[in-house]
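Protein chains in written order, with our numbering: chain A, -13 to 242; chain B, 502 to 744.
Treat the hints with care, as some may be off.
As the list claims (entries may be wrong) - DMTMM-like mimics (lysine to aspartate or glutamate), calculated; alpha carbons at most 20 Å apart, straight line:
| hint | chain 1 | residue 1 | chain 2 | residue 2 |
| --- | --- | --- | --- | --- |
| 1 | A | K65 | B | D544 |
| 2 | B | K611 | B | D726 |
| 3 | B | K536 | A | D119 |
| 4 | A | K58 | B | E715 |
| 5 | B | K625 | B | E645 |
| 6 | A | K43 | B | D544 |
| 7 | A | K58 | B | D736 |
| 8 | B | K588 | A | D119 |
| 9 | A | K(-10) | B | D623 |
| 10 | A | K(-11) | B | E715 |
| 11 | A | K116 | B | D623 |
| 12 | A | K116 | B | D544 |
| 13 | A | K19 | B | E545 |
| 14 | A | K55 | B | E717 |
| 15 | A | K17 | B | E545 |
| 16 | A | K(-11) | B | E517 |
It should be emphasised that the hints constitute simulated quantities derived from the structure, not laboratory data.
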Amino acid sequence: MDKKTRTIALCGKGGVGKTSVSALIVKSLAKRKDLKVLAIDADPAVGLCTALGIPIKKTVDDIRNDLIKSIKKGEGQDKAATLKMLDYELFDALTEYNNVALLAIGRPESEGCFCKVNSLLKDIIHDLAKNFDVVLIDGEAGVEQINRRVMKTVDHLMMISDTSAKGVNVANTIKHLAQDNQAVNYKSMGMILNRVRNESEVQNIRKNVSINILGWLPEDDLIREFDFNGRSFLDFPEEAGACKTVNQIIQDLQIL
Amino acid sequence: MELFTETLANIKKYIEGKNCRSLSAKPDPDWPSGKGRNVVLSDEMAVELGSPQMNSVSCLIWTQNTDLIQDGKITLLGPDIPESTGKSLSFGKVVLLAVSGFDEESTYDKYKEMESVRYSLDLKGYMIRAVSQYQREWSRISKEAVQKGFSFDVFGSALQREYLKKDYIHAVEFLFVTSSAEDVGELQDITKNVGRTISAMNKMLSEIDPDCDECEYNDVCDEVDEIKKMKKNRDEKRTHTHG
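Okay, chain B solo, but in the shape it has when bound (with noise of 0.2 Å):
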């Protein structure tokens, strides 16, 4: 079940079309645990990204074709976190996923457990905020851990790993833009509608009694063909439950 081939395509030309770096994840990112405390206060803070004041965009996208996701392998646009000291930056994150097993039943359920994931990272001075339907992610990195030396390379990896701990997830590669507004604003256009598409299935899955020629998600439900199987699956159950 693909959703997202067109955003797929158009994000690699993304990369192919900025003066992107490509970094590798590391095997082990061997980094301390915060154990449980994930705050970073202005007073600590070394690098922000994504803050409310600033761009930003995040956003998950899978696709069941493993030959078009690289495992380990992170873009970044724009400087690292160990360059941007001292500084608030706008935000792009694309994380990209090849996976297996999606279809009408499951996808919606999957997506909410891969979207879960960034908040299970517990990284001694890493600081995450974000909300999936703004699409926007806010995180702070203290001083202590760039002093350590956190950087993308060692968030990728980390982030990495736990998506790898889905059985269903087999290739993880990410893509990280930090160099100025207007690049992050141009992923945001690209990915739109990412967030539309999932803000349909949660309307379509959660809401008991849609009225779909009122919800503004009606474009979505008629145009992608996997969102109206979506739509069909559920139906026929409901149909089925209520005899």
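With the rest of the complex left out, here is chain A (with noise of 0.2 Å):
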């Protein structure tokens, strides 16, 4: 039987450790030698490539322009060499950390409509992350860019949020927009807590909020520290907190 590929996307308010959530997540699937994983950092500032202190040759977005540019100086070719050109391309944006590959999505730059080649290359990531067991995207604040950027379906959507109110609304609303727009289809849905104090912030939250909390990050002047010095999450502790409760949800959600 073919191997299923499970996907993961990351959503939520900027600024609530997002970026930091997924690379944890990265460095426990790094761990599965007997995996391939897909890391793709749709954050238009490549945030998770410098989390993992991985550095990016180039993005799709540049694959993207490249793309463009030609098309606009009449060197257009029939659509299955395209696909096939864009495919290599890709291949050759990914940056390989042992059972990790990274591709980053990047900053469209190109003025106007190009929906035909979004559209192609979008088919080509799809085709790309079949490829691989756990596909991770770690994505803007809303889902609308998943769909429009990445892909359509999703296995897991985690909302992630600090304790405050504005996260969690935040996240609360992805989910309604995802519920109700069906922007991006998705299997289940649960929410990673960061920066907590103590678990009575998260009984709070529980009460007060209709999405499945799926485990909390402690606040960690170390997840600080390595945020502010660059370091790359692929050496943050294994014995630290944030990892056991990262590696606890990829168990309980059965990923791998």
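Put the complex together from the two separate chains, hints included.
Quick look at the structure:
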């Protein structure tokens, strides 16, 4: 039987530690040598690449912009040849670390609408993703961008929030958008709380939101220090509470 | 319709002038399927051929003269895959095909079908990324595949079987080059005109109203008789369509 690809997308309000959590999930998945993991940095600021300390060669938007330039110069070709070229360029854009391949989406720079190019790229990312056991998408704040720029269907939609009312409200809003507008198809949805000072904060939030809380990461000076100094989260100590929580969440979701 | 008579002769000369060895395609390669998963990451990779950092050339050459192609013959210049473990090598690949029924009307469509054959290979532990317009082919073979005996004869045999599924292909011969960037570069020079001929066909048949005076492939259309015939055929069809 063909192996199934499990897709996880993380979203949430800016500044709640979404990228740090994504990086810790990648660290956890990188331990499993029997799995192939595709980590997609869909944040225009390529925060996940920075958090993992993995330099990127080029982004999907670099490829997109090159293609648009060549189309404008009249160097068009048939669709099959274009798809194969994009596939080649996309694979060349991957940065590999052990069993993890990292793809950065980047920031679109070209003006105007190039829906066909975006659509081709989304098809190629989708085809590439099917070759991996786990795909993790570190998204922008909302789910619409995941749909628009990466893929329409994910298995696990994870909202990341700190304990602030603003963070939790954004998570709730994203949940409703995902449900009502069907902005992205998902099979399960949950929330990971970050920077929690004590368990009573979790209990309070649990009372006020209807999203399943998958786990919580304690406020941790070490995470802050890693962030502040640009240290790679791949080097984050395994025995830290944050790592243990992330490992547990992955186990509970039966991602592996 | 012969497009590559001179190139084919030059490739045969190239083979004769080098220290090549001959392998034979196996009648039944029997290699397990990758079940649609064809990514080999560097962590699990044994051999890499023609990566974007290395020299790489790949092309298809066809002839309707079946005497010129020896079906199942694999010529290898350089180390075979099992002898290259842990290496990233420059790579040259030429597929020589004996075909029938190619004319002004059908040549380009048949080329596109033949071009897509390499992507239909689904061999466990073998990954291909290729761009026809760059004439580049980048492949990776996993450690597990090499341990289980993946080599150019397995690869060539599987590829031969895929090509022979087309009823207009009657014989398939391969040249693989892994010896050096210089040898691959030499092959690039010999086959440069193949890429330009294909690009000229692509431009001529896919653009609605190409400006021939401005076209970078003008020389190809002027010099290659078969391309001239294709162009004439295209113009006649367009005149007929537009009344």
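Against the structure, the hints come out as follows:
no. : hint              : verdict
1   : A/K65 - B/D544    : 32 Å, violated
2   : B/K611 - B/D726   : 19 Å, holds
3   : B/K536 - A/D119   : 13 Å, holds
4   : A/K58 - B/E715    : 16 Å, holds
5   : B/K625 - B/E645   : 9 Å, holds
6   : A/K43 - B/D544    : 18 Å, holds
7   : A/K58 - B/D736    : 25 Å, violated
8   : B/K588 - A/D119   : 26 Å, violated
9   : A/K(-10) - B/D623 : 17 Å, holds
10  : A/K(-11) - B/E715 : 51 Å, violated
11  : A/K116 - B/D623   : 14 Å, holds
12  : A/K116 - B/D544   : 19 Å, holds
13  : A/K19 - B/E545    : 9 Å, holds
14  : A/K55 - B/E717    : 17 Å, holds
15  : A/K17 - B/E545    : 14 Å, holds
16  : A/K(-11) - B/E517 : 46 Å, violated
When held up to the earlier numbered hints, the structure conflicts with 1, 7, 8, 10, 16 and fits the remainder.
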